[in-house]
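In terms of the numbering used here, the sequence shown opens at residue 104 and continues consecutively.
Calculated directly from the structure, the hints in this document are not laboratory data.
Among these hints, one or two may not hold up.
[To be verified] FRET-style restraints, in silico, Cβ to Cβ:
| # | residue 1 | residue 2 | range |
| --- | --- | --- | --- |
| 1 | Gln973 | Ser911 | 54 to 64 Å |
| 2 | Glu685 | Thr163 | 55 to 65 Å |
| 3 | Asp592 | Ser1009 | 51 to 61 Å |
| 4 | Glu904 | Gln1007 | 48 to 58 Å |
| 5 | Thr163 | Thr280 | 37 to 47 Å |
| 6 | Thr567 | Pro933 | 57 to 67 Å |
| 7 | Pro860 | Glu822 | 52 to 62 Å |
| 8 | Ser997 | Ser885 | 33 to 43 Å |
| 9 | His157 | Ser429 | 16 to 26 Å |
| 10 | Arg546 | Pro977 | 51 to 61 Å |
| 11 | Leu505 | Val681 | 50 to 60 Å |
| 12 | Ser885 | Thr803 | 33 to 43 Å |
[Said to hold, decoys possible] Restricting the straight-line Cα-Cα distance to at most 30 Å, the calculated cross-link-like pairs of lysine-lysine (DSSO-like) are:
| # | residue 1 | residue 2 |
| --- | --- | --- |
| 13 | Lys978 | Lys705 |
| 14 | Lys1035 | Lys978 |
| 15 | Lys1049 | Lys1076 |
| 16 | Lys392 | Lys566 |
| 17 | Lys1035 | Lys1076 |
| 18 | Lys978 | Lys1049 |
| 19 | Lys978 | Lys910 |
| 20 | Lys959 | Lys1049 |
| 21 | Lys705 | Lys862 |
| 22 | Lys1035 | Lys1049 |
Computed from a predicted structure; not experimentally measured.
Where is the CB? At the ideal position from N, CA and C, for every residue including glycine.
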Amino acid sequence: MPGRFQLRFQYWVLAALFVIILALTAGFLFTVFGRFQSMIEENARERFSLVAEHSIAATTMLIDEAVRIVGSRTGDARSLAPAEMLPELVGSLAVSSDIYGQYFGLPGNGFVQAIAVRGDPRLLAALQAPAATWFALRRIAPGGVQAHWQFLDRNRRLLAERLADNDYRATERPWFTAAMATPESVATAPYRFASTGELGLTLAQALPDGSAVFGLDIKLSRLRDFLAAQPLSENAAILLLDGDRRIIAGSLRGSLYQGGEIAALSRLDQLAEPTLQALAGRGDLSGAKLVELPQAGELRNFVVVGKLTEAFAGARFTVVALAPASDFSAPIERARSDVMAVSLALMVILVPLALLGSRRVVQALAVLARNSERLKRLDFTTEPQRPQSVLYEINALGEAQLVMQQSIRERTEALDLAQQKLRSLVGSGLMMSREKDRNALLRHILNSAQEISHCAAATLFLKTEHDTLRFALRTASDDLQDFEVPLHDPVSGAPMSGYVSSYVALNNTTVIIDDVYRETRFDLSGTMRFSEQTGLRTVSMLTIPLSPRTGEVIGVLQLMNALDPRSGEIVPFAPEIVSFVEALAAQSAVTLENVNLLEAQKELMDSLIRLIAGAIDAKSAYTGGHCERVPQLAMMLAEAACAVDSGPLADFRFASEEEWREFRIGAWLHDCGKVTTPEYVVDKATKLETIYNRIHEVRTRFEVLLRDAEIERLQAIHERGVAPAEADAALAARRAQLLDDFAFVAEANIGGEFMAPEKIERIRRIAGETWWRNFDDRLGLSQDEQRRRSGEAENPLPVRENLLADKSWHVVPREADNPALQHGWSMTVPENLYNFGEVYNLGIGRGTLTEEERFKINEHIIQTILMLEQLPLPKSLRRVPEYAGTHHETMTGSGYPRRLSAEQLSIPSRIMAVADIFEALTASDRPYKPMKTLSESIRILSFFKKDRHIDPVIFDLFLSSGVYRAYAERFLKPEQIDEVDIAAYLG
């Protein structure tokens, strides 16, 4: 209660203000006197330490980048052929202005070098290079007496080249001998480059096999500019020293130092400047310290900071920064004097007035101030104090504070709770919109509902296809009950609303139960029985439907035992909480439905893709099972590639399930273009085969000729009086000739590895035989055949025709440009679509396919690319055409249809090429070839590697990872699997 005697606050305001000023002034003066000197020294040390650390970091970064390049070059297998590395060395020079040159030193004084000229007049003069020279290349063959120089412009185009006498001996250079003596990187001491006079150093390292040494010259001029740009005090100096305390770079500020600029590579103890010379005798310069150094004939305090770094053995550098202590103390000392003067004046004026104040008023104001501070921070952890004062205003203000704090606390708690729920709701919505995994989504829905409602447990039911609610997930860690709640009576079809979960699902409405044990609307015996079994006694319950946009309930969310945030006791679910949970349930229902639709869409798409692949496999026995096995092998090889953590494949990963699916779909559809390839072309087993084997037609002609010979015999005997013996001999000779010629034609029809020119000539000779056709060969033709023969003259019957013929209507012209030409792909397209000429087909040199038919088969990959590129693929599947359409490309750029180079082929594309070839080699269900053993297939595949038709890295991984063996055990017949010595093929 306030005192009986009260005064107005305005009488005491001035006195209270003076007391506060007095306290602040005294505290500030105490701090100033006690801390100024340490502040001066600490400020100087911290400032110079930071500058030294930045300088060391710049030096280390320059050396580390060079070391990284040296390590990369010596670890690169391509460095075994240094001359082929010149383009890459030039590329490295183009992006780093600190590198002067890169080179390989070879035994026998061989030398390969790339120099960054960058238009430097000094280098242009030294190298006798054209004015526009940006890069210079030098090659010296081992034992060579001449150096071959090439000069390139900024765009790496050749400007000029020349030969010059060679007096350079790489093996006698210090960097070469030092590098050959150790497997580690070595560095020379800093020196001036002979061609430019710039300061630099050389890093070198021998290749692992000792066949060469890679060297790199880096310029140190950037360090000089870096030191000059550092923010130092007005009389400061900063130096970069090497391991012999020679000055690599430096910067002097102000006029204290005698001698001006410092010559590079000068030793500290050889300098004429006394302050810097004195540092040479200081021993260890590392750390931050305050030392006395000579300056203008007297000793003065200097702040000296040194930082040491050793990038690697032999490359030690020290940064030393120093400045007079007066650079830092003078401004602070002036400020200290001013503050002391002002403080003393205030004390003289205010102390007498402050003494007039009252201690009780000060205490009351302090109470009000503390209450106000807690109120400002919305800190309601303690009850506010009631001020005791003789001042009316203070007491009235204290009473108002109590009322206001209570009101603000209640409203703040309600607002915090609502904001917390809203944040949780928004966060859940964002998370659910990003979540693609169904199980993770269900878990998040359940946990978010439990968090928002602040309840003890939660259960999620999902509606099944057979009209029940199934336990899907709950917050408890024990196993889910295998129990489903029916929604309709299986006999009568009547709604079963006796359970609270089924009632909510059937009526799409929320149900709140304050006390399960007093509830009479629903059958909660199962809930109470579950409570007894688990020890979780369910009292309050909130059940909400999950209903997406369509209004159909897809699940039910059931929350149990709302908890009081303060006491933790079980309470009924508050009405204001229900709206938040219902909002969460609505979000969850929409998200869950979207996930269901996406999963169904993906499953449908994957099924259609497998259906297409299966149809292609079923279309021809010659490719049976290929479209199914290639994806299996490709996935196995991709998994092995993703597991590699070193070498060229170290950075290859499929980062997400979407990327895996994209690759899997590309593998399944890699031959989808075969739906456009005619079966009679794919299955062509003999040269004369189209829809049928035309050898039967040819045989019929031979039969006609034989009949003609027999008729000729009879006519000779009975009409011309030839002796029967003579006629029989002629018939026998003719029969023998026809049988032999047909046997030869039939054998040629089979096809083989090679058909000799003399055999082709015999085919032409046999084709010269003639026979009489007595029937019109234009009858019964299709419209296409009639169109092809429209320009042909009609001869009167009977007509003498060749036994074998290439007729004009045998040629099917190509009526439109091939898509490969329309897209600018590098494929040789035959002039005609087909050529069914009999002599033309029997004269096929290798196999059974004509040039036109072979192109038609190869054309399937063109159709694959065109078909897939026309699909409106989502972003996650944009690379499907690439994965499906590049398995016939090679590392040499000789593949089809695009003739892509190795740089244009991604790792998945290279994997597809290996999978496609190996499956074809090992397939045992091809009627046109005998099955091969595992070792035979690996041996043939190694030839593809040797010829760089496939990626050697992928081939080696295929063997070393054991994928070839795992695939064989799954898909090859037992008699195909034999031992393979993979060591003979690796490397």
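* Please work out if Lys1035 and Lys1049 have their alpha carbons no farther apart than 30 Å. => 20 Å, holds
* **Range hint 51 to 61 Å (beta carbons of Asp592 and Ser1009) holds or violated** => Holds: the Cβ-Cβ distance is about 59 Å, inside 51 to 61 Å.
* 16 to 26 Å as the expected CB spacing between Ser429 and His157, which holds or is violated -> Because 24 Å falls inside the window, the suggested range holds.
* Does the alpha-carbon distance linking Lys1049 and Lys1076 stay inside the 30 Å limit? -> Given pair Lys1049, Lys1076 holds - Cα atoms ~28 Å apart, limit 30 Å.
* Asked: Has the hinted range 33 to 43 Å been met by the Cβ atoms of Ser997 and Ser885?
  -> Since the Cβ atoms of Ser997 and Ser885 sit about 39 Å apart, the hinted range of 33 to 43 Å holds.
* Asked: If you draw a straight line from the CA of Lys959 to the CA of Lys1049, is it 30 Å or shorter?
  -> 28 Å, holds
* Cβ distance range 48 to 58 Å for Glu904 and Gln1007, holds or violated -> Once the Cβ atoms are compared, 53 Å apart, the range 48 to 58 Å for Gln1007 and Glu904 holds.
* Is Lys705 within 30 Å of Lys862, Cα to Cα? -> 57 Å, violated
* Does 51 to 61 Å hold as the CB distance between Arg546 and Pro977, or does it fail? -> 26 Å, violated
* State, for the Cβ atoms of Ser885 and Thr803, whether the hinted interval 33 to 43 Å holds or is violated. => 21 Å, violated
* Quick one, are Lys1035 and Lys978 close enough, alpha carbons at most 30 Å? -> This hinted pair is violated, its Cα atoms lying about 41 Å apart.
* Asked: Taking the beta carbons of Gln973 and Ser911, is their distance inside 54 to 64 Å?
  -> 36 Å, violated
Hints 1, 5, 7, 10, 11, 12, 14, 16, 18, 19 and 21, counting from the list given before, are not met by this structure.
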